[in-house]
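Residues 1 to 941 in our numbering are what the sequence shown spells out, letter by letter.
Just to be clear, a hint being listed does not mean it is correct.
Pairs of lysine-lysine residues, derived as BS3-like cross-links and limited to a Cα-Cα distance of at most 25 Å, are as follows [unchecked claim]: (1) LYS598 x LYS588; (2) LYS693 x LYS588; (3) LYS598 x LYS693; (4) LYS100 x LYS176.
Distance windows between CB atoms, simulated [what the hints assert, rightly or not]: (5) LEU666 x LYS478: 33 to 39 Å; (6) ASP515 x ALA767: 43 to 49 Å; (7) GLN230 x LEU139: 37 to 43 Å; (8) VAL857 x LEU666: 52 to 58 Å; (9) HIS533 x GLU60: 55 to 61 Å; (10) GLU628 x GLN784: 19 to 25 Å; (11) GLU500 x THR625: 14 to 20 Å; (12) ARG821 x GLU628: 32 to 38 Å; (13) ASP113 x GLU384: 56 to 62 Å.
Treat the hints as calculated values from the structure; they're not laboratory data. Yeah, the Cβ is synthetic: ideal placement off N, Cα and C, and Gly gets one too.
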Amino acid sequence: MSIHLFLTGAQASLPVLNTPDETAMAGYFIPLLQLPDQWNDNDRLVLQLLSDPQVWEQNEHDFLTHIVPMLDMPGSSSSIVQRFSTFTHFLQQQGYSPEKIGSMLIRYSNYGDNMDLLPLKFSPLRKFLQDLLRSTDALAIQPYLERWYQLNWNSLFFRLLAKSHPDLELPYLEKKLLSPVAGYLNSDLANALLQNNFARYEPLLLQTGNAATAPVAVQLGVQLALTNYQPDNYQANLLPLFRLYLREFSQTPVDSEGQASSILQADTTGSYPLSLIALHGLLQHNAAEGMDYLLQFVREQREIHPACFEILGQRLQQQAVPILMEALEKGYDIKLLLPVMEHVESTQYFEQLWPYTLHKLKSVRMAVAVILAKDPDAYSKAAELLQHKKAEQRLTATLILCSINTPEARLLITEALHNEINDDARDLMLETLGNVIRYEADMDTVNQLIASARSRYKLNRPLEKWMDDQSLPLLWTKNGEQLPLEATRFLLYRMSRITEMGADVEAKPLLKLLDPKRNDDFAMGLFDMYEQHEGDTRLKFLLATAAFTGHNKLAAALQANIGSWINERRPRQAEHALDAMALQANSKSLQIVAYYGKKYTTRRVQLGAAARNALVRAAAELELTFHELGDKAVPDLEFEGRYQSFEMNGDTWKGFVDNNFRIAYLNRKGKRPKTPPTAASKETKKFFKELQKQLPAMAAQQAERLQQFLVNQRSWKAAQWLELFLQNPLMFVFANRLIWAVYDEENQLMTSLRCTEDARLITISGAAIELPPFATVRLLHPLQMDAAMMDQWKQHLTANNITPAFEQLDRQVTTLQPEQRMQTMITDFEDIAADQEVIQQHLLSRGWQPQTNEEGVAHTWYKSNDIQQVEARIATYNIYQESGIRCKLGNLYFTRQLTTEQISSAPTTPADLLQLYKVPPVFFSETVTDIALSRVKMELV
1 MSIHLFLTGA
11 QASLPVLNTP
21 DETAMAGYFI
31 PLLQLPDQWN
41 DNDRLVLQLL
51 SDPQVWEQNE
61 HDFLTHIVPM
71 LDMPGSSSSI
81 VQRFSTFTHF
91 LQQQGYSPEK
101 IGSMLIRYSN
111 YGDNMDLLPL
121 KFSPLRKFLQ
131 DLLRSTDALA
141 IQPYLERWYQ
151 LNWNSLFFRL
161 LAKSHPDLEL
171 PYLEKKLLSP
181 VAGYLNSDLA
191 NALLQNNFAR
201 YEPLLLQTGN
211 AATAPVAVQL
221 GVQLALTNYQ
231 PDNYQANLLP
241 LFRLYLREFS
251 QTPVDSEGQA
261 SSILQADTTG
271 SYPLSLIALH
281 GLLQHNAAEG
291 MDYLLQFVRE
301 QREIHPACFE
311 ILGQRLQQQA
321 VPILMEALEK
331 GYDIKLLLPV
341 MEHVESTQYF
351 EQLWPYTLHK
361 LKSVRMAVAV
371 ILAKDPDAYS
381 KAAELLQHKK
391 AEQRLTATLI
401 LCSINTPEAR
411 LLITEALHNE
421 INDDARDLML
431 ETLGNVIRYE
441 ADMDTVNQLI
451 ASARSRYKLN
461 RPLEKWMDDQ
471 SLPLLWTKNG
481 EQLPLEATRF
491 LLYRMSRITE
501 MGADVEAKPL
511 LKLLDPKRND
521 DFAMGLFDMY
531 EQHEGDTRLK
541 FLLATAAFTG
551 HNKLAAALQA
561 NIGSWINERR
571 PRQAEHALDA
581 MALQANSKSL
591 QIVAYYGKKY
601 TTRRVQLGAA
611 ARNALVRAAA
621 ELELTFHELG
631 DKAVPDLEFE
641 GRYQSFEMNG
651 DTWKGFVDNN
661 FRIAYLNRKG
671 KRPKTPPTAA
681 SKETKKFFKE
691 LQKQLPAMAA
701 QQAERLQQFL
711 VNQRSWKAAQ
721 WLELFLQNPL
731 MFVFANRLIW
741 AVYDEENQLM
751 TSLRCTEDAR
761 LITISGAAIE
771 LPPFATVRLL
781 HPLQMDAAMM
791 DQWKQHLTAN
801 NITPAFEQLD
811 RQVTTLQPEQ
821 RMQTMITDFE
831 DIAADQEVIQ
841 QHLLSRGWQP
851 QTNEEGVAHT
861 WYKSNDIQQV
871 EARIATYNIY
881 QESGIRCKLG
891 NLYFTRQLTT
901 EQISSAPTTP
911 ADLLQLYKVP
921 PVFFSETVTD
931 IALSRVKMEL
941 V
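Can you make the complete structure from the sequences, with help from the hints?
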């Protein structure tokens with residue numbers, strides 16, 4: 001309470017804070033501090049609290065983390081001068097020397113934790129630091145060097161040093177190249193230097209790796225780095241160094257081994273321990289020589305990198321068997337050895353592997369099963385294992401038989417499933433077998449499955465005592481056959497085994513035969529049972545079964561109840577309903593699920609996530625991609641194809657959507673009248689009037705989707721595209737008003753086209769074409785056109801009075817420059833800052849999403865390309881001022897698309913970053929352009 005009294009003015013004297021909890025409490029007020037040039041009496045009270053030596057020691061890091069990034073905020077020349085004067089004066093009061101002030105500003109600026117060697121761009125903080133270091137003489141710069149020799153590499157300090165004391169650049173680099181792992185080269189730094197300026201830094205690397213003075217590990221690191229950029233000149237130097245290094249490493253193991261960048265597999269550059277690189281190179285050149293070293297490592301039970309075993313199997317094949325046997329005997333992790341054994345044909349280790357069928361880990365048992373299937377005695381041993389008392393071992397036996405895959409083995413599997421009374425064990429078998437067992441959707445298969453369930457006494461009575469299954473209507477198949485009660489009991493029994501909303505594998509054949517229109521009352525009966533038990537989670541299978549068997553009545557019941565379930569705080573029922581609606585997969589149901597997924601992102605977050613997950617699960621269940629399921633959600637407007645017919649004065653008229661997304665009409669002669677039909681029925685007029693109100697929102701939603709597909713370069717198979725864009729009344733307009741690209745099986749551009757209002761597909765020359773069945777179709781991006789094609793299409797659209805549905809041909813494009821190819825970050829946007837709301841609105845409008853911390857504050861924005869599995873990310877730094885929260889942009893970089901768990905588990909590491917040449921060109925162009933366009937809306941620092 002003394003802190004509170006002091007800060008509110010009720011207590012004049014500075015409170016005495018003795019305990020760690022009390023000193024930590026003072027740090028809670030650090031986020032309230034403004035820019036130093038705006039510090040007022042309130043700020044000074046907080047600074048007084050922090051000035052106590054004990055308080056400062058505990059809160060120094062948080063203070064610098066908060067204040068230093070703020071120093072780069074825009075301001076007038078006088079305010080910036082005042083800012084640094086006030087801040088440095090406060091640090092001096094805390095006992096900071098000029099060197100420590102400079103070093104801490106560098107360390108906490110967030111600019112140097114990378115390998116960026118490009119010239120520094122102007123900013124208030126960097127200008128201050130540049131002037132500070134320039135003011136140091138040969139003696140004053142020494143404390144900086146002593147500190148930064150000890151600290152990790154910082155690119156900001158290096159660039160400041162090179163600018164202010166160019167004579168110290170190379171000596172500083174020479175020392176940093178030999179840290180942080182003693183006796184090894186800093187491979188990341190070496191590669192960054194060579195990438196930045198090979199001619200300048202090649203002599204430095206050669207001097208560092210001098211054969212007369214440098215350790216073998218350093219020599220090897222240098223030659224590997226040089227080989228990455230000039231293989232013709234340096235590749236030949238590696239083999240002798242591989243031998244020397246392995247000889248030293250085998251005689252004197254090290255606690256911490258250095259790494260280097262190299263290409264080991266699949267033309268992919270990665271960072272690997274030197275011993276692995278050397279062993280890989282030696283194995284390539286002389287397998288026997290490399291194998292001797294590896295065998296020695298195994299016998300001495302040294303730690304071996306997993307990739308080493310991978311190379312073993314790929315390079316040595318049968319020669320690897322003795323080493324694998326030795327590794328098994330020495331107790332090496334079986335999970336490392338099994339992938340190699342899969343590639344090596346050998347009968348020598350089968351006896352050693354059979355005991356692993358009893359291993360506690362399912363992943364090990366599954367991997368072992370694949371290998372043991374090659375054992376000549378596998379069939380008889382697996383048959384014996386099927387009699388084991390534990391279900392896990394019976395499951396392993398089933399896996400072995402699946403891999404054997406002979407008629408006798410398949411018969412044994414069928415008998416095992418038929419005889420397995422334990423439903424949990426049986427379900428585990430079915431889950432593990434996955435696609436190995438596929439049931440045909442015919443009555444013979446269904447009858448066999450029902451007979452098997454009957455023999456296991458699963459159909460003798462209703463599934464639950466309270467379940468009156470005889471009150472349910474009997475099931476109807478699509479060919480008009482009514483099935484007996486036993487079929488109902490079988491369906492409910494198998495569906496009761498699901499753990500997630502979907503179809504049980506043995507229920508699928510029957511479900512595919514059922515007629516949803518005739519089974520709507522059956523589905524409603526299940527819905528009523530579910531509702532009577534107030535959404536018991538154990539009974540969600542009733543809703544899933546209803547979704548697969550029902551039609552319009554069930555859809556209406558779900559749509560009518562989901563809102564009340566949400567409002568009555570019955571979240572489990574609401575989530576089950578969302579799953580059921582997604583599984584029904586009709587346009588209206590999917591739209592409702594998508595609506596809730598978008599509506600609940602900041603409140604009722606769990607429900608919003610459930611809606612989005614329901615769509616993902618439904619797509620997998622229906623064997624569709626997520627975007628193919630999205631196509632099913634496109635409104636069909638209740639039309640018959642592109643038109644909706646109606647009667648007027650004894651004639652048949654048609655309503656359709658014109659190119660302006662307006663309802664238009666065709667009379668019986670197929671002509672478009674100048675005035676709307678006035679003599680149509682009230683119901684018809686009301687239908688089209690209400691539809692017209694909804695069309696703009698529907699069109700905007702689909703335009704947003706298609707723009708995303710343009711950015712992500714989604715493809716449709718020819719048949720899919722024709723069905724969606726030429727048969728749907730809404731999407732037909734987009735087929736007319738956009739330009740499309742046609743690709744062959746080799747993903748090569750064949751031609752570009754547009755659809756005319758009479759549904760003809762024409763090329764840029766006006767020639768009519770038909771889509772080949774093997775073709776795929778995408779939206780054409782400006783990057784995929786030369787200037788001549790661009791001009792021709794623009795002239796075509798103008799001549800035909802076509803306004804593009806959204807910006808397509810005139811999109812701003814950004815291309816990757818040659819010097820950027822190997823880089824992993826774009827640093828061009830650090831000079832952009834704006835109010836938080838401005839940044840949020842701009843990025844959200846361009847399809848970016850925020851990644852937030854525990855307090856809900858965005859610290860990174862990302863844009864995902866789930867089709868090409870890549871993601872763009874840019875950091876933002878929030879700075880608190882009296883006028884509001886301001887944001888400053890950081891570096892833009894790309895990664896492989898991350899899962900939610902990967903995003904939340906750990907920050908992105910340099911190894912995750914993609915070199916820019918690996919980013920799809922269209923996605924690169926769009927994301928860089930997104931950020932570049934923000935300059936129009938934001939201030940420059």
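Results for each hint:
1. LYS598 x LYS588: This hinted pair holds, its Cα atoms lying about 15 Å apart.
2. LYS693 x LYS588: Satisfied, since the Cα-Cα distance of roughly 17 Å is no more than 25 Å.
3. LYS598 x LYS693: holds (21 Å)
4. LYS100 x LYS176: holds (20 Å)
5. LEU666 x LYS478: 33 to 39 Å: Taking Cβ atoms as reference, LEU666 and LYS478 lie about 35 Å apart, which means the hint holds.
6. ASP515 x ALA767: 43 to 49 Å: holds (45 Å)
7. GLN230 x LEU139: 37 to 43 Å: holds (40 Å)
8. VAL857 x LEU666: 52 to 58 Å: Holds, since VAL857 and LEU666 (Cβ atoms, about 56 Å apart) stay within the stated range.
9. HIS533 x GLU60: 55 to 61 Å: holds (60 Å)
10. GLU628 x GLN784: 19 to 25 Å: Check passed, 23 Å falls within 19 to 25 Å.
11. GLU500 x THR625: 14 to 20 Å: Between GLU500 and THR625, where Cβ atoms are some 19 Å apart, the hint holds.
12. ARG821 x GLU628: 32 to 38 Å: holds (35 Å)
13. ASP113 x GLU384: 56 to 62 Å: Since the Cβ atoms of ASP113 and GLU384 sit about 59 Å apart, the hinted range of 56 to 62 Å holds.
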